[in-house]
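If you're matching them up, the sequences are chains D and G in order.
Going by my numbering, the final residue of the first sequence carries number 354, and the count climbs one at a time with no gaps.
Going by my numbering, the final residue of the second sequence carries number 321, and the count climbs one at a time with no gaps.
Source of the hints: derived by calculation from the structure; they are not laboratory data.
From a predicted model like this one, the values you see are computed outputs, not experimental measurements.
Derived pair list, reagent style SDA-like, types lysine to any residue, alpha-carbon separation capped at 25 Å: (1) G/Lys137 x D/Leu104; (2) D/Lys95 x G/Leu139; (3) G/Lys236 x G/Pro217; (4) D/Lys95 x G/Asp213; (5) D/Lys350 x D/Met275.
Partial list, computed: chain D residues near chain G (C-beta under 8 Å): (6) Arg97; (7) Gly107; (8) Phe112; (9) Val115; (10) Met194; (11) Val205; (12) Val216.
The C-beta atom is built at its ideal place from N, Cα and C for all residues, glycine as well.
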Amino acid sequence: MKARVFYRTLLGFGIAYLFLPVFVVVAFSFNDLQGRRNVSWEGFTLRHWAEPFKITGLSDAVLNSLTIAFLSALISTILGTLIALALVRYRFRGRSATNLMLFLPMASPEVVTGSALLTLFIVAQVGRGYMTVLLAHILFNLSYTVVTVRARIVGFDRHLEEAAMDLYANEWQTFRRVTLPMIMPGVLAAFMLAFALSFDDFVITNFNSGSLQTFPIFVYGATKRGVPPQVNVLGTMIFVAMVVATTVFLVVQGRRKKAEP
Amino acid sequence: MTARTDAAERADRRRRRVPYLLMAPGLIWLFLFYVLPMFRLVITSLQEGSLERGYTFTGNFDSYASVFTTYLPQLRNSLLFAFGATVIGLLVAYPLAYAIAFHTSRWKTLFLLLIIVPLLVPFLLRTLAWRVILADQGLVVSFLKTIGLLSESGRLLSTGWAVLAGLVYNYLAFITLPIYISLDKIEPALLEAANDLYATPWTAFRKVTLPLSMPGIISGTLLTFIPAAGDYVNVELLGNRNWTMMGNVIQSKFLVIIDYPAAAAISFTLMAIIVTMVIIYVRRVGTEELLT
Numbered sequence: 094m095k096a097r098v099f100y101r102t103l104l105g106f107g108i109a110y111l112f113l114p115v116f117v118v119v120a121f122s123f124n125d126l127q128g129r130r131n132v133s134w135e136g137f138t139l140r141h142w143a144e145p146f147k148i149t150g151l152s153d154a155v156l157n158s159l160t161i162a163f164l165s166a167l168i169s170t171i172l173g174t175l176i177a178l179a180l181v182r183y184r185f186r187g188r189s190a191t192n193l194m195l196f197l198p199m200a201s202p203e204v205v206t207g208s209a210l211l212t213l214f215i216v217a218q219v220g221r222g223y224m225t226v227l228l229a230h231i232l233f234n235l236s237y238t239v240v241t242v243r244a245r246i247v248g249f250d251r252h253l254e255e256a257a258m259d260l261y262a263n264e265w266q267t268f269r270r271v272t273l274p275m276i277m278p279g280v281l282a283a284f285m286l287a288f289a290l291s292f293d294d295f296v297i298t299n300f301n302s303g304s305l306q307t308f309p310i311f312v313y314g315a316t317k318r319g320v321p322p323q324v325n326v327l328g329t330m331i332f333v334a335m336v337v338a339t340t341v342f343l344v345v346q347g348r349r350k351k352a353e354p
Numbered sequence: 030m031t032a033r034t035d036a037a038e039r040a041d042r043r044r045r046r047v048p049y050l051l052m053a054p055g056l057i058w059l060f061l062f063y064v065l066p067m068f069r070l071v072i073t074s075l076q077e078g079s080l081e082r083g084y085t086f087t088g089n090f091d092s093y094a095s096v097f098t099t100y101l102p103q104l105r106n107s108l109l110f111a112f113g114a115t116v117i118g119l120l121v122a123y124p125l126a127y128a129i130a131f132h133t134s135r136w137k138t139l140f141l142l143l144i145i146v147p148l149l150v151p152f153l154l155r156t157l158a159w160r161v162i163l164a165d166q167g168l169v170v171s172f173l174k175t176i177g178l179l180s181e182s183g184r185l186l187s188t189g190w191a192v193l194a195g196l197v198y199n200y201l202a203f204i205t206l207p208i209y210i211s212l213d214k215i216e217p218a219l220l221e222a223a224n225d226l227y228a229t230p231w232t233a234f235r236k237v238t239l240p241l242s243m244p245g246i247i248s249g250t251l252l253t254f255i256p257a258a259g260d261y262v263n264v265e266l267l268g269n270r271n272w273t274m275m276g277n278v279i280q281s282k283f284l285v286i287i288d289y290p291a292a293a294a295i296s297f298t299l300m301a302i303i304v305t306m307v308i309i310y311v312r313r314v315g316t317e318e319l320l321t
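In isolation and in its complexed conformation, chain D is listed as follows (with noise of 0.2 Å):
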């Protein structure tokens, strides 16, 4: 009983640790404050929220972010599902060198990462940009994608391919009507992942995005001259929406499993 209540309370202290800066970012978005800097509290306001798009540059930047995360999470899953495939179903030469090639990236410092790509986009001569940013992004999401789509596959019954093939079912029908619905909720975890590491990216953006504006870059922008609190509306929506769409995968992914036998 007494250890019952030790652990409420450290989980109680835990969690609430890890929520008192989501409390203030939330919060200062209804800051009433009058100066530039927004880090002291002078009083709730609902201006910000009325007109979140009012600063120059941020829309923009918001909108560069989030086609950004669609697309480097859609190729990278992608790509992500294709070497999962093979790391699961098939024995070949070359595995362990292909493990070691997904887990290099993971374990470097995002720092080299993105300085090395650098230094590459230089020699080769490629303006920085939208695009470039784009290849570092899908780089990245890469081996978390195999990673988060193999864990699913590792899971599940070859039998029933089997049994398509035994139907006559060609490979490619086979893929498209057994293994992907089963693999589905990999790849949709997958692409969630990457998404979220996408919008999320700062560092590797910083080094290979030129004059290209995304909502990180334009909020690391804004701290030498104070982040206006729009910046907290997005934040909180951007957040917002992630949980609703976290949640919403889970619960559909709980009902599916009660359903199936």
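Model the placement of chain G on the given structure of chain D, informed by the hints.
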């Protein structure tokens, strides 16, 4: 007869090619945008010249010498902060993961979600929030002054402590989750057996739970140490000039001062140090495959 075996052989050969075809696009991507850039980074670090005259490859190692002379303090700060954030992170994360794994019963998923949800607030905004929390007039500072842990003129913001706090906070979920996953896999029967054999709770923890949670501890600490060692945002937003890290130097040399060879040398050194430490660490503690 031969025609049949030919066809079978062809089908077999095709099958053997399938995994390579599946992986080709992704692996080409990794080669072009990870392997190639890393080579380019090394070549750049061995160049000489200036922005005006251009850089030429001379195989000159001078840029590396400066890493261990001029930038020794930054190197020390990087390792110090990364080490500190990892140790404190582990001390905070382990009890949290333990509580979720063994003491939440049917609310497990909810608590796990609560650990992850703060990550959905953009990283820079979370870090900026600590500016407000640790501000000179803030509650934390006045509380620490009241209990005498901070002198009357003392502050937290723009100190090394704030940087450490930011690093611990930002990577806490990444250390908690892997530990939780390995704790959650432990068979309750093993702990019951320990209990039946008259092990005290502490002995059972030391001999059963802790060793079985080792894979989680290893990946969790790596997931904190590596990004923390390369971080420069926390220093930039919460610290001061005296605490700059390797990341700050790399960032400013590449994007502000424009001294590519020096920047590349520092960047590659950071990578080499981290890889070496990771290999030694993993060998020491021993684990089979990190990726799975």
